[in-house]
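Trainee: For reference, the chains in residue letters:
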Amino acid sequence: MAEAAHAEVHRHPAPTGFIRKYIFSIDHKVIGIQYILLALTAVLVGMIMSVLMRVNLTWPGTHIHIMETLFPQGAPGGAMTPEFYLSLVTMHGTIMVFFVLTTAPQGGFGNYFLPIQIGADDMAFPVLNMLSFWVTFVGFVVILLAIFAEGNATVGGWFTKLGDVLHSPEAWAGGSGTVGPIGGWTGYAPLSALGKIAGPGQGAGVNLWIISIAIFCVGSLLGALNFITTLLNMRTRGMSLMRMPLTCWAWFTTAILALLSFPVLLGGGILLLLDRMAGTSFFIPGGLYVSGATVPLHNGGSPLLWQHLFWFFGHPEVYIAILPGMGATSHILSTFARKPVFGYRAMVFAIFAIGGLGFFVWGHHMFMSGMSPYSAVAFSILTLSIGVPSAIKTFNWLGTLWGARIRFTTPMLFAIGFVSLFVAGGITGLVLGQTSLDFFFHDTYFVTAHFHLVMGVASIFGMFAATYFWFPKMFGRMMNESWGKLHFWITFIGVYAIFVPFHAMGLLGMPRRYARFDEYEFLKNSKGLVMFVTVAAIITVTAQVLFYFNFFWSMFKGKKASDNPWEATTLEWSIPSPPPHDNFAGIVPVVYHGAYEFSVPGAPNDFIMQTEPEVTVLGADLGGASGNGGNGHKH
Amino acid sequence: MGRLLGIAIWLITIASVWMFLSGRWWFPASISEHGPKVDSQFMITIIVVGVAFTAAQVGLGWVVFKFRDNADKQRATYSHGNNRLEVLWTVVTAVIFISLAVMGQRVWASLHLHSAPPGSYQIEVVAQQFSWNFHYPGKDNVFGKTDPNLIDDSALNFVGLDDTDPNAKDDAVVSTLAIPVNRPVELILRSKDVTHSFFVPQLRFKQDLVPGMGIHVHFTANTIGKYELACAELCGMNHYKMKSYMLVLPQNEFDELVALPQDKFQTKKDELFNKYQLPNY
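Going down the list, the protein sequences come from chains A and X. Position one of the first sequence corresponds to residue 651 (this note's numbering), numbered consecutively onward. Position one of the second sequence corresponds to residue 10 (this note's numbering), numbered consecutively onward.
Bound conformation, chain A alone (with noise of 0.2 Å):
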């Protein structure tokens, strides 16, 4: 077990300055922040483009003036073109996937909170921390140049000029005139690789897009050592690994998700920008004819290979964007149902599961792909059994909420949201898992209502609740109750109301990464469903205006916070909000008790923090005898 002793060598001074206490900090709080508005804006980013890309859906041609301003190319007289469309459908699934869902969660909140949660007084290796946070913003700004090196001419001629410094101009066009490169966040080869013979937005674009992910990934993967060793080696005294919060073990499994997925999707991307760059053929078969000519030299490669490093990412890669909210709803759920969480160790042991399992799931993204059909058997079997400890974790939410005294804060509501969200987008993956039914279900609309809500959304109220519930401790100011209920409303109403007819458009066979749907005489009855979903998408991005401004309103404005407003148990609530430099200001905590003792029978309270000497209550046990997490151990 961990004790106390690292304290001291960790300890590092509060910075004066500026610049190392806001830009360059090696406090892990700081960097947690950094990343919370990293994703606030990558977020905003990607939002922007779902709305454009649904207007052009439902009304092709429309003119929008800032388009035509931006990227005067891809939007002639401000009207999209099917270019700009798929490059948009690449944007935004990139950025979401990575700068949002990978960042906010883990990078965001846990960077802030597991070391506060586990006692420490910082990450095990703070400059690593501060290192993979600036890593990953240089990957941002990268995949903002791949819009602009495609999107706009001026930006476009520049990489030109670097093409002719390299030697290699045709590798480095780029002003294609869409706005990005088009390969959607897959970006399968060989048409990622072939570069700009395989038409526009395969340009410069895509070398920036490739980029960009790699340093992503070398950012991430930094990250995640870094949450490994700090849980491993520098929980408090008394903070054993079963008393410790579900968001810790959630963390603690995404880093080891992410350990071991990045390093495969950076040395993809690096064979990737090979075949482009190089003359190498690792992904691009001999006798390939693109655009009216033989393509010359490339022998031997196999387009199936990029889908199996993809994948073998890909796949964890959704775990590694919804675990941490599981966490976070687990802990918010428990916390104001007032009841312990019901069935810690098998929420613990479902974390695992679903984690491990995560790898061997891959391939159900390549059932139509020429895979043989037999490994697609096995994946399909391996995929579905991914459901049982999905399930055993949504029985587990419910078992908390049974009996309990809810307090229905924002937080809460965007908790239980998150279950429900969890259950829709996550129980259509028996449909989508089963070889048979992908015949049909393959690339269409029920796919991406799927990976939406569970993924995407489900994720996101998994931040939202995580931010309305901790942004007292960051900031030491309540955000605006009302606000947040209002934008709780509109939020889960508009998602349902957006994701829930994509299945319906699947039902109808549509594909997806489609610019226009006018083509195909099977899609004419769709109408009605696109534009219910666009009207219903603008609606619930425009309610963001209620979070953004809350946000930073509460930020300068917001009720002043106590250190423990919501009487939770973990060691955050113990410290003033928000906390001091070193957390625990040179004092060691002690734990004595599991991560969730509310309405203990007897006890003074309705919650017992873990920092509260052991007392002898009458008529309870507190050392766990139902043998379901509770204490962990006796003293």
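Certain hints may be false.
[Unchecked claim] Simulated restraints, written as ranges between beta carbons of each label pair:
1) Gly-1252(A) - Ile-23(X): 39 to 49 Å
2) Asn-79(X) - Thr-712(A): 44 to 54 Å
3) Leu-910(A) - Met-112(X): 26 to 36 Å
4) Ser-163(X) - Ile-1189(A): 43 to 53 Å
5) Leu-122(X) - Leu-910(A): 26 to 36 Å
6) Ile-23(X) - Gly-807(A): 52 to 62 Å
7) Asp-174(X) - Leu-955(A): 28 to 38 Å
[Said to hold, decoys possible] Below, simulated DMTMM-like cross-link-like pairs (lysine to aspartate or glutamate); rule was C-alpha separation at most 25 Å, straight line:
8) Lys-235(X) - Glu-195(X)
9) Lys-284(X) - Glu-1169(A)
10) Lys-250(X) - Glu-262(X)
11) Lys-82(X) - Asp-1213(A)
12) Lys-284(X) - Glu-1171(A)
13) Lys-235(X) - Glu-1262(A)
14) Lys-75(X) - Glu-1217(A)
15) Lys-82(X) - Glu-1262(A)
16) Lys-277(X) - Glu-1171(A)
17) Lys-250(X) - Asp-1168(A)
18) Lys-1135(A) - Asp-81(X)
19) Lys-252(X) - Glu-280(X)
20) Lys-235(X) - Glu-1171(A)
21) Lys-846(A) - Asp-161(X)
22) Lys-252(X) - Glu-1171(A)
23) Lys-1209(A) - Asp-78(X)
24) Lys-250(X) - Glu-1171(A)
25) Lys-1174(A) - Asp-48(X)
26) Lys-250(X) - Glu-1169(A)
27) Lys-1135(A) - Asp-78(X)
28) Lys-846(A) - Asp-162(X)
29) Lys-235(X) - Asp-1168(A)
30) Lys-273(X) - Glu-195(X)
31) Lys-82(X) - Asp-1168(A)
[What the hints assert, rightly or not] One-sided excerpt, in silico: chain A residues whose CB lies under 7 Å from chain X:
32) Gly-849
33) Pro-935
34) Val-1038
35) Ile-1042
36) Leu-1080
Since the hints were made in silico from the structure, they are not lab data. All C-beta atoms in this analysis are idealised placements derived from N, C-alpha and C, irrespective of residue type, glycine included.
Position chain X relative to chain A; hints supplied.
Mentor: Same frame as chain A, now just chain X:
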């Protein structure tokens, strides 16, 4: 707030289930032998999914409706869980999910774990940005030799057919797929440039066409008519209109068509194309 949220969750559940039950948005009618089996497997699955979805949402709605804090100072139930319940729901879900998974392999196995039945008619499909080529072996039923180095779109040799090969003389390459009704068809799927995907919704069939691979697939269509063929894998700027048609023809019309040399094949195909109409949607 709790009552309102409970009711909201129930209303969302009703609306979602209604969308599936209403039948307004459903698969286009199946035209293949294996199609009804896909549809019935989907029905079984969607019933399980629907029941589980409804139960979970109604349960969630119920607990938030019922167990709100109503300021009577009573405490919540103190419980860390129940091992018997954990085992129960783990076993029940495992049995249901794994059974579904096994059942969900049947149609797949019937098409993909067996080679094409004897007597299947072979057609080679060559996809390219953003069109489809269908290569017929002609009267001799033997495909002429093809070579990627001979591909020349400007000379209309889209699949690289070698004119010096005597077997190539009677081959036809057209942009619409014609297949016989009630006879197994084997497609050999190739791509010249990037990955595409062959998708005919009514056929309940989809398969990627991967450059460098020749993927053999087979199926049997059982309804005469004209159907849209779409590309279902992002292949570049005009992906959304990489469209063709599939004609399912009576055996005699099909036999007549595929015995024709290229020019007459083309004319006859256009004639048949106009003869058949798309289904009503």
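Trainee: Between the alpha carbons of Lys-82(X) and Asp-1168(A), is the straight-line distance 25 Å or under?
Mentor: violated, 61 Å
Trainee: Is the hinted pair Lys-235(X) and Glu-1262(A) satisfied, with a Cα-Cα distance of at most 25 Å?
Mentor: Not satisfied, since the Cα-Cα distance of roughly 75 Å exceeds 25 Å.
Trainee: Assess, step by step, whether the Cα of Lys-235(X) is no farther than 25 Å from the Cα of Asp-1168(A), and give holds or violated.
Mentor: It holds: about 18 Å lies between the C-alpha atoms, which stays within 25 Å.
Trainee: Lys-235(X) and Glu-1171(A): Cα distance at most 25 Å?
Mentor: holds, 12 Å
Trainee: Within a Cα-Cα threshold of 25 Å, do Lys-250(X) and Asp-1168(A) meet the stated pairing?
Mentor: holds, 9 Å
Trainee: At the C-beta level, are Gly-1252(A) and Ile-23(X) separated by a distance inside 39 to 49 Å?
Mentor: Holds, at about 43 Å.
Trainee: Lys-235(X) and Glu-195(X): Cα distance at most 25 Å?
Mentor: holds, 19 Å
Trainee: For Lys-284(X) and Glu-1169(A), compute the direct alpha-carbon distance and say whether it is at most 25 Å.
Mentor: holds, 21 Å
Trainee: With the threshold set at 25 Å, check whether the alpha-carbon distance from Lys-250(X) to Glu-1169(A) stays at or below it.
Mentor: Distance ~6 Å between Lys-250(X) and Glu-1169(A) Cα, so the pair holds.
Trainee: Given a hinted range of 52 to 62 Å, is it respected by the beta-carbon distance of Ile-23(X) and Gly-807(A)?
Mentor: holds, 56 Å
Trainee: Mind checking the CB of Gly-849(A) against every CB in chain X and telling me if the closest is under 7 Å?
Mentor: It holds, given that the least Cβ distance between Gly-849(A) and chain X is near 4 Å, below 7 Å.
Trainee: Would the hint on Ile-1042(A) stand, with a C-beta cut-off of 7 Å toward chain X?
Mentor: Because about 6 Å separates Ile-1042(A) from the closest Cβ in chain X, which is inside the 7 Å limit, the hint holds.
The structure is inconsistent with the numbered hints 10, 13 and 31, although it conforms to all the rest.
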